[in-house]
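Peer 1: Given these sequences and hints, build the entire structure.
Start counting the sequence shown at 1; every next residue gets the next number (the UniProt record's numbering).
Watch out, some of these pointers could steer you wrong.
What the hints assert, rightly or not - No farther apart than 20 Å at their CA atoms in a straight line, the calculated lysine to aspartate or glutamate pairs in the DMTMM-like style are these:
no. : residue 1 : residue 2
1   : 296       : 97
2   : 342       : 102
3   : 96        : 262
4   : 296       : 102
Since the hints were derived computationally from the structure, they do not count as laboratory data.
The structure presented is a predicted model; accordingly, all values stated were derived computationally and were not measured.
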Amino acid sequence: MTVIRSNLLRCRFLHWRPSFRSGCGCSTLQSTPCVKMSMWHRRNSGEPMPAIDSETPGGSGLVRPIPDALIGLLGCAMLLNYADRGSLSITAPVLKESFGIDNAAMGLLLSSFFWSYAFSQPIAGWITQRFPPRTVLASGVALWSVATIACGFATSFALLFTFRLLLGIGESVIFPVNACIYSRAPEAQRGRANGMMAVGSYIGPFIGTLAGGVILASLGWRAVFWVLGGVSLIWVLPWLAMSRSLLRYCAEPHPDPANYREILGTRGLWGASLGQFCYSYQFYLVLTWLPLYLVKSAHFSIAQMTAIGGTLYISQSVTAGCTGLASDLLVTRGFAPTVVRKSFLVFGLTLTGSCLSLISIAPAQSALLLVLAGVGNGFTGPMVFSIGQTLAGPRAGGRWMGIQNMIGNFSGITAPIVTGIVADRTGSFAGAFILAGIISVVGIISWIFVVGPVCQTRWQSRRVTLGQHKLAV
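Peer 2: This is how it looks when you write it as structure tokens:
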């Protein structure tokens, strides 16, 4: 009995030691030997059996490393997602003259995607946790690909607006699907996985801008939509060909998902959602207005616009990949996830907001400042989704990220419209860039003070009977 107690005390010490280092006693830090030893001792000593948390190795929310092939394929889907949503921005300088619309109308058209995209997020999150993510993502990609191709056939403002709404509905599934899968990844892999997702979201506009610029100059604006949409449709084939066993453990719906009432009552959700809104406002300002700003306001040629946009997106992609790897390395070496994730995020928001604000007083340096702003976004992007997935855990991954991404993507509605109105009324983009800098300050406050420790939320569990003991599932 003395030996058993000494072993049990040793296991309990090993279990709590990581909690002191991270400043958080969340359940994901439990080690399997300690859980097994504690349960073995209680079972043989007649003590009541402990509740098994659904996110511990003994529960149904099993944590396993995500296969690299799956991460790569999801990153490719993210790349195509952002290439297609940015296709309208690429054609904006030519399309604006072809349809005879002003900056305010163009801002409304650029925001049309986000109206359906943002409001579809909670529905997409619910669908993702009810149906296999494999099927959900394949359906979503097929829909957004067809909608992109259809944009090339639009003959009026109203038709183009409608096709962009359909594009937003199709693309709304990708973040909930990623969250459903990556929320089951170990904390030390989550930065790398989300770094690859961020790389896709940054390299997508780069490839779209580069390829779209060439197609625009040689074949016209309609061909840009046809080519980009066709390539995305082809992606569905390798996705469906993926082995079901590769997706099985991360695609099974959780038996006891957290309900929306419980999720909406969590302070971390609102802090992360506001923080994502502030990050996304800067990102979408650049994504939607960069080509038109560089060509019409900064007086660059289409070729120069393509080069500057390409450099910006490459800098974002490289930074995002390195940030994901570096943050995971620091977490693996024992640094607190709260400190690591938030430090990268706050630095990125500060850099991006500062550079965008400086464009208003140094427009001659706009190309350099935009590239540096892209570097800042690269620091921020992977952390935004890593933190949300960690807070949600497997029981709330899809639903949480659906809500967070909905609120965050309201910036996709406001940024294009506000920027267009400011540009029309002032005759300059300076005020829009200053506003982006102010919004970044709000984001920093939200991430630091509203979002609490970066650890998995303790959701209420229903209890079922297993043998003679009650276990939480």
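Peer 1: Determine for every hint whether it applies to the structure shown.
Peer 2: A quick look at each hint next to the structure:
1. 296 <-> 97: Given pair residue 296, residue 97 holds - Cα atoms ~12 Å apart, limit 20 Å.
2. 342 <-> 102: 40 Å, violated
3. 96 <-> 262: Violated, because 46 Å separates the two Cα atoms, which is more than 20 Å.
4. 296 <-> 102: 12 Å, holds
The structure fails hints 2 and 3 (numbered hints given earlier, in ascending order).
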